[in-house]
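Visitor: Residue strings, one per chain:
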Amino acid sequence: MIRTRKLWITALLLWSLAPLLWQVYTSFCSNESLLHTLTDHQSRWTLENYRQVLTANPPFWRYLLNSALVGITSTGLTLLIAIPAAYSLVKVPRNVARGAKLFLLGAALFPYVLLFLALLELARNLNLGNNLLALSFPYTALSMPLAVLLLSSAFRDLPSELEEAARVEGLGLWQRLRWVLIPLIAPATASTAILVFLFSWNEYPIALTWISSADLLTLPVAIARIAGSSVYSIPYGAYAAATVLGALPLLLLVIIFQRQIVSGLTQGAIKG
Amino acid sequence: MIQLLLLPAALLIALVFGIPLIRYCWLSVHANSVVTGLVAIPNHGANWLRLFNDERFWQDSAQTARFAFVSVSLELLLALAIALLLDQRWRGRGVVRAITLLPWALPTTVMALGWRWIFNTPYGPIEQLAVLFRLPPLNILSNPDITWLATVVGDVWKTTPFVALILLAGLQTIPNDLYEAFYLEGGNPRAAFFKVTLPLLQPYLLLGLLFRLAQAFGVFDLIQVMTGGGPASSTESLALYAYLNAMRFLDFGYSATVMIGSFLLLVFICLFSWLVIYQTRHLRGVFK
Amino acid sequence: MNRRTGWGLALFLVLTSLAVLTSWALSLRPIRINVLMPASFADQTTELVRKFNADHTGKINLRVTRGPLETEAVSDLAISSLLLGKSPFDALLIDVTWLPKYAAAGWLAPLDPWIDQQAIDSLAPGAQLGNSYKDQIYRWPLVADMGLLYWRTDLMKEPPKTPQELLEISQRIQQEGRVPYGYVWQGRQYEGLSCVFLEVLDGFGGKWLTPGTDIVGLNSPASQKAASWLRKLISSGVSPKAVINYAENETLQLFKSGDAALMRNWPYAWGEVQKTNSPIKGKVGVTTMVAAPGHKSTATLGSWGFSILKGSSNPDAAAEVIAFLTSTYAQKQLFLKNSYTPTKAELFNDPELLAKSTILPILAEALQSTEQRPQTPLYAQISDVLQRQLSSILTGKSNVNTAMDRAQRNTEQILLAAGET
Numbered sequence: 001m002i003r004t005r006k007l008w009i010t011a012l013l014l015w016s017l018a019p020l021l022w023q024v025y026t027s028f029c030s031n032e033s034l035l036h037t038l039t040d041h042q043s044r045w046t047l048e049n050y051r052q053v054l055t056a057n058p059p060f061w062r063y064l065l066n067s068a069l070v071g072i073t074s075t076g077l078t079l080l081i082a083i084p085a086a087y088s089l090v091k092v093p094r095n096v097a098r099g100a101k102l103f104l105l106g107a108a109l110f111p112y113v114l115l116f117l118a119l120l121e122l123a124r125n126l127n128l129g130n131n132l133l134a135l136s137f138p139y140t141a142l143s144m145p146l147a148v149l150l151l152s153s154a155f156r157d158l159p160s161e162l163e164e165a166a167r168v169e170g171l172g173l174w175q176r177l178r179w180v181l182i183p184l185i186a187p188a189t190a191s192t193a194i195l196v197f198l199f200s201w202n203e204y205p206i207a208l209t210w211i212s213s214a215d216l217l218t219l220p221v222a223i224a225r226i227a228g229s230s231v232y233s234i235p236y237g238a239y240a241a242a243t244v245l246g247a248l249p250l251l252l253l254v255i256i257f258q259r260q261i262v263s264g265l266t267q268g269a270i271k272g
Numbered sequence: 001m002i003q004l005l006l007l008p009a010a011l012l013i014a015l016v017f018g019i020p021l022i023r024y025c026w027l028s029v030h031a032n033s034v035v036t037g038l039v040a041i042p043n044h045g046a047n048w049l050r051l052f053n054d055e056r057f058w059q060d061s062a063q064t065a066r067f068a069f070v071s072v073s074l075e076l077l078l079a080l081a082i083a084l085l086l087d088q089r090w091r092g093r094g095v096v097r098a099i100t101l102l103p104w105a106l107p108t109t110v111m112a113l114g115w116r117w118i119f120n121t122p123y124g125p126i127e128q129l130a131v132l133f134r135l136p137p138l139n140i141l142s143n144p145d146i147t148w149l150a151t152v153v154g155d156v157w158k159t160t161p162f163v164a165l166i167l168l169a170g171l172q173t174i175p176n177d178l179y180e181a182f183y184l185e186g187g188n189p190r191a192a193f194f195k196v197t198l199p200l201l202q203p204y205l206l207l208g209l210l211f212r213l214a215q216a217f218g219v220f221d222l223i224q225v226m227t228g229g230g231p232a233s234s235t236e237s238l239a240l241y242a243y244l245n246a247m248r249f250l251d252f253g254y255s256a257t258v259m260i261g262s263f264l265l266l267v268f269i270c271l272f273s274w275l276v277i278y279q280t281r282h283l284r285g286v287f288k
Numbered sequence: 001m002n003r004r005t006g007w008g009l010a011l012f013l014v015l016t017s018l019a020v021l022t023s024w025a026l027s028l029r030p031i032r033i034n035v036l037m038p039a040s041f042a043d044q045t046t047e048l049v050r051k052f053n054a055d056h057t058g059k060i061n062l063r064v065t066r067g068p069l070e071t072e073a074v075s076d077l078a079i080s081s082l083l084l085g086k087s088p089f090d091a092l093l094i095d096v097t098w099l100p101k102y103a104a105a106g107w108l109a110p111l112d113p114w115i116d117q118q119a120i121d122s123l124a125p126g127a128q129l130g131n132s133y134k135d136q137i138y139r140w141p142l143v144a145d146m147g148l149l150y151w152r153t154d155l156m157k158e159p160p161k162t163p164q165e166l167l168e169i170s171q172r173i174q175q176e177g178r179v180p181y182g183y184v185w186q187g188r189q190y191e192g193l194s195c196v197f198l199e200v201l202d203g204f205g206g207k208w209l210t211p212g213t214d215i216v217g218l219n220s221p222a223s224q225k226a227a228s229w230l231r232k233l234i235s236s237g238v239s240p241k242a243v244i245n246y247a248e249n250e251t252l253q254l255f256k257s258g259d260a261a262l263m264r265n266w267p268y269a270w271g272e273v274q275k276t277n278s279p280i281k282g283k284v285g286v287t288t289m290v291a292a293p294g295h296k297s298t299a300t301l302g303s304w305g306f307s308i309l310k311g312s313s314n315p316d317a318a319a320e321v322i323a324f325l326t327s328t329y330a331q332k333q334l335f336l337k338n339s340y341t342p343t344k345a346e347l348f349n350d351p352e353l354l355a356k357s358t359i360l361p362i363l364a365e366a367l368q369s370t371e372q373r374p375q376t377p378l379y380a381q382i383s384d385v386l387q388r389q390l391s392s393i394l395t396g397k398s399n400v401n402t403a404m405d406r407a408q409r410n411t412e413q414i415l416l417a418a419g420e421t
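Chains as they are written, first to last, in the working numbering: chain Z, 1 to 272; chain R, 1 to 288; chain L, 1 to 421.
Warning: the hint list may mix true and false statements.
One-sided excerpt, in silico: chain R residues whose CB lies under 7 Å from chain L [said to hold, decoys possible]: (1) Val34; (2) Gly37; (3) Leu38; (4) Val39; (5) Arg50; (6) Leu51; (7) Ala232; (8) Arg248; (9) Phe249.
None of these hints come from the bench; they were simulated from the model.
Every residue, glycine too, gets a C-beta built ideally from N, C-alpha and C.
Work out the full structure, taking the sequences as your base and the hints as a guide.
Guide: Right, dumping it as structure tokens:
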């Protein structure tokens, strides 16, 4: 029993990590050694790929920064709007709430990539193109359904006596939210925030159509853009270095917050 | 007063989900392309007629559906195994859980590029393994019959952790007493899985299925970066076709038609899957 | 109240003086011109750009945006920036097939204010094609490009002239066991296949799309002969089965390794096969594509040129940039360093260039017989239809008649759908 479990765990780790490890390996290999299997040790290992990616114009960390900026603003904006909405969803009549939740679930399920054309027109008409902060607007809207669902189920799980007691104490709506309710749903807020951040960090089709200036590209688009292969050589070493650098921040994020991610989905996703 | 707090969220959702859908419906009955100078002119359903006669649209529909069904089924199976594994208690579970989550957290495009290299002919590791086993070159990314399987691998690798998380959530809602009671009555673990775990997990499986089916049906990032829809359009998805119509062919009227067409197909497929599941459950009840 | 007015006045004064100062500073600053080019062009023009900026210090500052490496990805980038409204670019380097689409969309500024008849006459004949849409000139060529037939001088005395000869010569050399393959070309389902087909189609006397009309000639006898011939190349073993997945690069790799007697490719391949590490250096000749007896041999025109965007705020400066980058001086540099085919007629007789390269006269000759792909804003769609059906023929999925009929029908549908509007 224990033996087979170990086997399964090994298989799972291999499946999850092998493609990434291959990228890491490739990123430290010189291009020649990738193309000709028999190369001596000396010319095999290199940091050249990283140097190339980090000194390109614009340098790679720029994209990481752009993505981080969009991710942070979208997450903040989403929470700002979703928390009050989720709270009020608990307070409205039951049938209204149910209708709203079904609607939100539908929106959360919707393959949002189909929206890109209309959103592109929107960006043109409102002059939002090539603006990193403006990207948070569609990102906030697209994360809204899931965020409201997750947070409202967290609000509902709070015992109603708590808020009642606060009301008796004479706290107004904002004070109750600020001092009693929001601190209590902090775990759910944290996991929602991570989900929204991951979504904004990884989003591709809208960033692809809203941003055309090279300095403002977010990470997924920048990666996709270097994917166009050259006529003369196959710069896979540099690609691999880019993928490794692009994966590192998320690796950290997942390691630090894995408990929140798991509990967030386990607590709220479905009850909502 | 309190309903007012819903307003900003509702407005945002209406703006970003509602307006585009209305706009698409309107565009789909207009010619708006490079030929009209990017101006909309009513064309009395010509777009829809073209959609029904468009071999490429139907081929892409079949390809997208094939991709979605195969990858979602694989994901559900794998995710169930992973969730069962992660639900047990053992040392180092936290670390393994974090590592399992990693593929899901990475941007799709990052690993799409990685897969392109992994499946590269002749330098990628898969081809080198093939050489090791004295197989002929596989040409994974240039053989129209098998390239789609490579995209399925990429999708399964990336999204299985997400489904596993949902199922893990479901597993954790099943109280332990149920199993204890089941074992007291003389059940074995195998029977417990089929009699207790699976039935109680059903809503979660259904949710995972719907969620993933909808997402897989709209697959775009992975395909665009990994294969660009090729070779010979054998991996082109509906979303990519709609994208090409708008961004490459500059035919917005038709692109909108393709998008509504795919959306209707998706709704149809979701309803159909739901009905099938509902029916089988119903039938099972009859035979019991 | 009074105090507030005072503050308002002060603020107003500060803002105005700031505005005046900035506009003064801006007027002193050089005009910035941003040009989008595919990565390879951007890399190879860096020296010219540096020289231009040195010559125009304080007046014009030229910045080249290095686009993606893949042609289609460059177009996607340009189009998305244009669709967004305010494009960051003043000028684009565009492919010959994009021109009608971009012009019809109303994105390009006509170049007539800067281009006169004399300038047009100075271009080599083939380079004059593909620069205008509806009799307006929208593009100025940087480099000429056309399909060529490369042949091995050590394997045959004369290159084949007709499709039949090509088959026979290849088979003979293959039977003698001197090379594994006869002829390699671009058979992957992508734009290159359309270019290959156009040359063969013309060689059999057919027409893809009659200019100025909606008459499609894809199921004509000539077209069926052309498709059958391509299929036969594969089925007879003259071309390796793998050509159905070959683009330019793979084709060149195989030919360069010495494993094929003939290759269809663009002029850039010449520089590659003449490199010192090339095993076939000095054993390669270049000519134009084969044609059936009684028909003209043609070369598909594929060239890159500059267009000015309508939204550019400094079209005059952009025109100056383009004039420099396409000047005789620049073209000479680009030819000597990167073997970019010049577009100016005089350069084909330039002793310095002729001394460096033996291929120039052949390029000049090929430029005389270039043929354009259909010039319609719908080109991307109809080319896609053709590639699809050709690919299904080459892979043996459908027979020639059915597939070409379908190509014909689908093309007509696309043209019809556009015409109805």
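Visitor: Confirm or reject each hint.
Guide: Hint check:
The beta carbon of Val34 of chain R is positioned within 7 Å of a beta carbon in chain L (closest approach about 4 Å), and the interface hint is therefore held. The interface hint given for Gly37 of chain R is met, as the beta carbon of that residue sits about 6 Å from the closest beta carbon of chain L, less than 7 Å. The interface hint given for Leu38 of chain R is met, as the beta carbon of that residue sits about 6 Å from the closest beta carbon of chain L, less than 7 Å. Proximity of Val39 of chain R to chain L is violated relative to the hint, the smallest CB-CB distance being about 10 Å (cut-off 7 Å).
A distance limit of 7 Å between C-beta atoms decides the matter here; for Arg50 of chain R the minimum to chain L is near 5 Å, and the interface restraint holds. With a cut of 7 Å, the hint placing Leu51 of chain R at the interface with chain L is violated, because the nearest CB-to-CB distance is about 11 Å. At a threshold of 7 Å, the smallest CB-CB gap from Ala232 of chain R to chain L is about 4 Å, leaving the interface hint in force. The closest approach between the C-beta of Arg248 of chain R and any C-beta of chain L is roughly 6 Å, which is under the 7 Å cut-off, so the hint is satisfied.
Using the Cβ-Cβ criterion of 7 Å, the hint placing Phe249 of chain R at the interface with chain L is satisfied: the shortest such distance is roughly 5 Å.
The structure fails to meet hints 4, 6 from the earlier list, while all remaining hints are met.
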